[in-house]
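K.L.:
Work out the full structure, taking the sequences as your base and the hints as a guide.
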Amino acid sequence: MTDISRIDVADSHGERVVSQPTVYVYEAPVRLWHWLNALAILVLIVTGYLIGSPLPTVAGEASQHFVMGYIRFAHFTAGQIMAVGFLLRGYWAFMGNEHSRQIYYVPVWRASFWKELAHEIRWYAFLEKAPKKYVGHNPLAQTAMFAMYTLMSAFMIVTGFALYSEGEGADSWEAKLFGWVFYIWPNSQEVHTWHHLGMYVIVTFIIIHIYAAVREDIMSRQSIISSMVSGERHFKDGA
Amino acid sequence: MAAIETFYDVIRRQGVTRRSFTKFCSLTAASLGMGPIGAAKIANALETKERTPVIWMHGLECTCCSESFIRSAHPLVKDVVLSMISLDYDDTIMAAAGHQAEAILQETKEKYKGKYILAVEGNPPLNEGGMFCIDGGKPFVEKLKWMAEDAMAIIAWGACASWGCVQAAKPNPTQATPIDKVIHDKPIIKVPGCPPIAEVMTGVVTYITTFGRLPELDRQGRPNMFYSQRIHDKCYRRPHFDAGQFVEQWDDESARKGHCLYKMGCKGPTTYNACSTVRWNGGVSFPIQSGHGCIGCSEDGFWDKGPFYERLTNIHQFGVEKNADEIGLAAAGVVGAAVVTHAAATAVKRIVSKNNDHSA
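Top to bottom, those sequences are chains A and B. Using my numbering, you'd call the opening residue of the first sequence number 5 and step up by one each time. Using my numbering, you'd call the opening residue of the second sequence number 33 and step up by one each time.
In case anyone wonders, no lab produced these hints; they're calculated from the structure. Hints should not be assumed to be uniformly reliable.
The calculated DSS-like cross-link candidates involving lysine-lysine, where the alpha carbons are at most 25 Å apart (straight line), are [unchecked claim]:
1) B/K386 x A/K133
2) A/K133 x B/K381
3) A/K240 x B/K381
4) B/K147 x B/K81
5) A/K136 x B/K386
6) A/K136 x B/K381
7) B/K266 x A/K180
8) B/K386 x A/K240
Chain A residues, not near chain B, derived (Cβ > 12 Å throughout) [said to hold, decoys possible]:
9) W37
10) R105
11) K136
Beta carbons: idealized from backbone N, C-alpha and C, even for Gly.
P.N.:
In structure tokens:
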């Protein structure tokens, strides 16, 4: 089993040892945002897929149904919630604790980051016997979070609003704010394709995210999943 | 070149008497509240203002824009060509030929410096010094640049001049290039479509000749009055889209009932044009009304956004043609399989190390 004497608790800012076995990491706004965002993304993925490949035709008069209408409404609503959440989460990065800033950058300028990243990769390649413990994200998780979640979300929000602006009209605020997307891709069919591919990046992210959370919860002897509910990280072998 | 014809000449030629003409000027001045000398000013303007000279050139194209243009019903194309503009050069339909025709270009350029409209159908190929389109012994690109120098504005007719169209589709061997990528210092109005709707074409010409300026353009240089909404926004089959009623096969019940063609690859949701409002052939019909989806002919690179009969666009970067779903599901599948394998390896490793602990 894991050798207790080998446990060294570090945060993203270096090797500072934390003595207590329980640390308050995720503040309430972060946790609330995480689960609301997860729900919004789930709705967005399901409805987004159905917008690209709609359900089988419904019978009867058009006036009796609003299937595609409701699917699109759910997609747009969830998108708006995700966008507002993204903004508020960005605001909280300034107001919250240091962990609330982690998903917004990758500290490539820090030598310890690369060392710990290499350690983390070796851990996942079964080359290390024991994982390091981190109060926040480990360097690999931070990198994945930044590239596949934060950047991708921003991309999806921008392209999503650009596509939404097409229905809202050329003089809508959505078109004024996000219409520049069509300078890059003049044909909106292309924006649709990129938006669609972006969904699969997020789907892939979710698979890795959930697997890593479950695995680390078991393997690295610290709480991961319950931390996003309670906000506290327990180090199971600590103290 | 023929003698300069003013609007007054045209009005008289249409059978309006001098008396009616002066009455018209007086009434217009009075209704606009222009004061006692207003009427004389209007009469003077109409008597001296020349019809706007238009030079219509053809690069790499199929002449479908001209074919569409001559079928305009409102206004009739004869009124546009004979009364509203002075179509001084159009090598497809003009009587003059050879050096006689080319001399008109030189003459217009000098005489109407900064006053004529250059209407371009088709685009110049730039590869091999432009030799894929030779017009009057010179590469078309040179002729285009030369005539554009002194033009007031340029109309880019059709998908060719606006976006590149079929000759610019991948791999674009002749490097066919839209007008706005060649001419940078003149106002350019894009009137895309393959071809554009006849009434849209004459409508744009009418606006420019009436007001002496280009209509309001959108972000991509298209006139807002015809290209600010998608086919989808004004499609008469839109209720079926919202209801979730789609044609799934060309001969199914939904096809007979006229349901939405979204699943059959209709590009209406991503195509900006006036087809669903103005329609074609004097308002008779348009593709969707005839039971076929929109192919998006007024959009950038529409030939490369195929297939025409599927909703999701093919992506060619992966060697074989795949759409976003196929690529995305494959990527998610590979990652999913990797995760399962990794989880299994973790479990095995844990059991093995536990056994080792016990045996130690």
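K.L.:
Run every hint past the structure and note whether it holds.
P.N.:
Cross-check of the supplied hints:
A distance of roughly 12 Å separates the Cα atoms of B/K386 and A/K133; the hinted pair therefore holds under the 25 Å criterion. At roughly 10 Å between alpha-carbon atoms, A/K133 and B/K381 fall within 25 Å of each other, so this suggested pair holds. Distance restraint check for A/K240 and B/K381: the Cα-Cα separation of roughly 21 Å lies within the 25 Å cut-off, and the hinted pair is therefore satisfied. The suggested pairing of B/K147 with B/K81 holds, with an alpha-carbon distance near 12 Å, which does not exceed 25 Å.
Between the alpha carbons of A/K136 and B/K386 the distance comes to roughly 20 Å, so the proposed pair stays at or under 25 Å and holds. A C-alpha spacing of about 18 Å is found between A/K136 and B/K381, which places the hinted pair at or below 25 Å, so the restraint holds. Taken as a hint, the B/K266 and A/K180 pair is honoured in the structure, with Cα atoms around 22 Å apart against an allowance of 25 Å. A distance of roughly 18 Å separates the Cα atoms of B/K386 and A/K240; the hinted pair therefore holds under the 25 Å criterion.
With a least beta-carbon separation of about 25 Å from chain B, A/W37 lies farther than 12 Å from that chain, consistent with its non-interface assignment. Here A/R105 stays apart from chain B, with its beta-carbon at least about 27 Å from theirs, past the 12 Å limit. For A/K136, the condition that its CB be more than 12 Å from all CB atoms of chain B holds, with the nearest at approximately 17 Å.
In the structure shown, no violation is registered for any of the earlier numbered hints.
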